[in-house]
Every structure is written in C-alpha cells, then in structure tokens.
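As given, the protein sequences belong to chains A and B, one line each in that order. Residue numbers 1 to 406, in the working numbering, belong to the letters of the first sequence in order. Residue numbers 407 to 526, in the working numbering, belong to the letters of the second sequence in order.
Calculated from the structure, these hints are not laboratory results. Glycine residues also receive a C-beta, built at the ideal position from the N, C-alpha and C atoms. Some hints here could point you the wrong way.
[Said to hold, decoys possible] One side only, chain A facing chain B, incomplete, derived with CB under 8 Å: (1) Ser78; (2) Trp130; (3) Pro308; (4) Pro312.
Read off the chains here:
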Amino acid sequence: MKAILQIALGIIAAIGGFVDIGDLVFNTQAGATFGYDLVWAVPIGVVGIGIYAEMCGRVAAVTKRPVFDVIRMRMGLSIGLVVLVASLFVNLLTVAAEIGGVAIVLQLFFDAPFTLFALLGALALVAIIWFTPFEGIERLFGYVGLTLFVFVAVALHEGPDWHEFGRGLVPDAKSSSLYWYFVIGLISAALMPYEVYFYSSGAVEEGWTPSDLLVNRLNAVIGYGIGGLLSLGLMVASAQLFEPAGIEPDHLGTVALLGQLSYGETGLVLGLLGMLFAIGGAAVDACFAGAYSVAQFAGWEWGKYRRPSGAPRFTLAWLVFFALGLTILMTGIDPVELTEYSVVLSVVALPLTYFPILLIARDRTYMGEHVNGPIARVLGWLYFVVILVVAAAAIPLLLATNGGGG
Amino acid sequence: MEDRFELVYRLLDDQVVDVDGRRCGRVDDVELIGAPGGPLELGALLTGRGAYAPRVPRRLRRLARRLFGDDVRGATVHRIPWSQVEDVGVTVRLFGRAEDLGLARDDRELQRPFERMPGG
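One chain only, chain A, in its complex shape (with noise of 0.2 Å):
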C-alpha cells in the first residue's frame, strides 16, 4: 500500500511539473489566435514526450546511463561536443526565459521593478536547491503546480464548444504559416529536451533498477497524459475568452485573468501561484539539465545526492548557469519573446539527443529484455521522422512568421 502511495505521489509530482512558461506562452496564445483550430498539436506533443520520456527513463533505469552519458559513449566526442554545445545554448535560453517568468508572476503579486524580481527569484530558486534534497524539490514544484488545474477548470465552466473541438482535432492543410508556426510551436513546448535530461538524471539519482520501469511507464502514459490535459485546459479556457474579446496574450500576466474571468481573485491567485510554481520549478529543471549534461559528458561526479561540495564542479556548473540565465535576462530582452526562440530552437536541436537515446533503447547488448518493445519500436521511430519534419520546419517557420509576429 505504501508503495502504491509512493508511485501516485510521484505521478502527481510529474503532472504538475508537467507545465513550464514555453506551455503556457504557446497555448494560451494558440486558443487566442486560432481558437480551437490547434488542438490537435497538442496530443502530438503529448505523445512525443512520453514516448521519448519513457525511453530515456528506461535505458536509465536498466543501463544507469542519463541521456548525456548515453549520447557521448554512442556518438563519441566530437559528434557529442556539437550536441553539447547546441544543447547547452538552448537550455540556457530556457533557463532565461523561465527565471523571467518567474519574475513576471512575483511582480503580478507584489508591485516592484522586474529586475529585482528577476534576482529574487533566482535567488530564491538557488537557495531552495541548496538546501533541500532531490524529491523535495520534484514534489514541492510539482504539487504547488497543480493549482494550474484551475485553468482546465475554468474551460470546463465556460461550456467548451466540443462541436469546434471535435473539428480542432483534424489539421487544416490550407492554413497560413502562422498557423504552423504554432503548430511547430506547440508541439515543441511539450517536446523541450531538458525535460527529458532532468528525468532521466533523477533516475539515476533515484536509483531505479528494472523493477522501475513500471513507474517509469506510468509516468509516461499518466504523468504525460494528465499533463497534456493541463495544456489542453490553457488553449481551450484561452479561445472561450480570448479569442471572441480579440485578447492577445503577449504578456504573461493575461494568462492568469482566465482564471480570474471565470473565479475571480480565488481564480486568479490560483491561477499566478500554479504558474510560480510551474515556471520555478522549470527554472530549477532546465539548469540541472545543463549542469547534468556537462558533468555527464565531461564524466564528473554529478548528483543531487551528494551535498554540494560532494560534486563541486557540477554544483558550480548549475551555479554557473542560474547566472548566466539572470545575464541575459537583464540585457532587457522580452521573457515572452525569450521563450518563444528557446521554445523553437529547442526542436532544433532535439533530433541529436532524441537520436543516441532511440540506439541504445533498441540495442540489445546494453538493455537486454528490457530493449524496445514492438510499440516503442515502431512510435519511437515514427517519433524520430516527426522530430526531423518539425525540427526542419521550425526555422523558415520563425523567419517566416517574423518569430510568430505574423
């Protein structure tokens, strides 16, 4: 019984760290601009990530290995390099775009200049990082995230037109570009990598043996699933409110009047104290992600479990990143827009380290019985051609569509 509790508390945890600010920027601004049109990128995504989660977190679970250990001992050190850098340039927008998110919402709650916010904030993430151990950090962000449900809640209550969502389920072939950008787009934010890195770390860091991989599957299909409804929940709630208002949320803090429009201020608090949540614990995922792929190509000790001087280098390496993140934040830039490009070049890169994960996965020498399955095979590789489509386009997509000005 104590088991089963556990594995739920886990799930829960991953439900709400389901959500960061890429979710939250591309979802609420797709119900605005195309209503429900857009719904069936959503599932795409969904599926993805759990697909690529599962994987990764089962090749962890058997061979010990994260993604950063597998992607070096497969592609070699060159090959790795290019990966590491590209990657590490991505995380570290998201890393940015994520501590500016965070600053946004504390400014909704409290009234004073960004910029300290922005150093509060990060601040406050290091400290909580500091001084408490792996789970907590997983479950504290992944609970107090679950106040986003507030914003399925608030679709549901506004009488979603299920006619137009049963129509948003099939794309639309003459579309403009915009409307694939935000297809690109929203299938990206549920695809950001530093998602997997960080699960597939924690893994290890957990300890997972084979006799996780059932965990592992559940976090996949229902951490994911339960997630992807919280997204689902952002694009419906903003095309009942939104769309017909002709509401534009270009700032992060109009996201949070959903919650209001439907609740009022219990909504509304709901709703900023889900997405502080949501977004620090993002901030806290995406530079673990980095820190991890760091130590993890250059082979040094790594964890969360050891104290912080028990991994100097990877505590400085996470140190490191917090302030770069907050460097470029204060150059100014738009967390908004900042999120947008981390979101789009996330994909970008994604092909490199989805593919190393989907060789071993299928090797058998490294994974034994535990190798991929018939529906891993054949989603894992069907995955690997959407991930190439979409990384593709996702470029002549941001040009073309002035980064999704229209």
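Based on the hints, put chain B in the right spot on chain A.
Here is chain B on its own, set in the frame of chain A:
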C-alpha cells in the same frame, strides 16, 4: 568481464568510477604499447580535457586546443594504468580511489569553498 572486447564500442568514452563509486572522468583516449608486428598491449586509459583536441577533426584542433588546453600529463590529462582497472561493464571500475590515482585534484580545489557554506 570477457577477455576479448571492442575497444571503441565498449571502452572509449565510457564513465570511469573509482572504488567508492565516485565518478572521476571518462575514457577520453587509450594508450597502446607495442611495436607494429608484435603483440599490442593496453597500457593505460587517458582522461581529461587535454585529450580532447587530438580527437576532433583536424580543422578544429587549433580551436579545441584553445578551448580545452594542451595535453599536459598530470594536469589536463591523467593516466590510469590498465592494471588499475577492475572491470569494464556499465562503467569502467577502478581498484583504487580517485584521490590516490590523482584524479580528484580539480574537485578538491573547488570543494573547500563549498564546504564552508551552510548546507554545503
């Protein structure tokens, strides 16, 4: 472990772990001993950023040397005698401790300031 295995597939780029389970570098290169025509023996594993530059494509070596440094034995590249290797499995496991093999120097320097902090 098997007495016959593929050097690049199984050994190169793998994680080195000491007897306490501490990660202490990757197999960035290997040193073979023996003249052509004679038997070849695995002399040592080489680990450290100084070993990166010779492994990247020729055109990028100058840049890599600038970024990661030259091969300076005992500083940027550490030699792990093959006799110190206990097993090659998921990781390359050593008989000794990283400290005693000279593999923990960079970590030790950084360790002190962190140790002084509360919670560090």
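Right, here's what the structure says about each hint:
1. Annotation: Ser78 (chain A) was flagged as interfacial toward chain B, and the flag holds, the nearest CB pair being 5 Å apart, inside 8 Å.
2. Because the closest C-beta pair between Trp130 (chain A) and chain B is about 6 Å apart, less than 8 Å, the hint holds.
3. The beta carbon of Pro308 (chain A) is positioned within 8 Å of a beta carbon in chain B (closest approach about 5 Å), and the interface hint is therefore held.
4. A cut of 8 Å between beta carbons decides the hint on Pro312 (chain A): the least distance to chain B is about 4 Å, and the hint holds.
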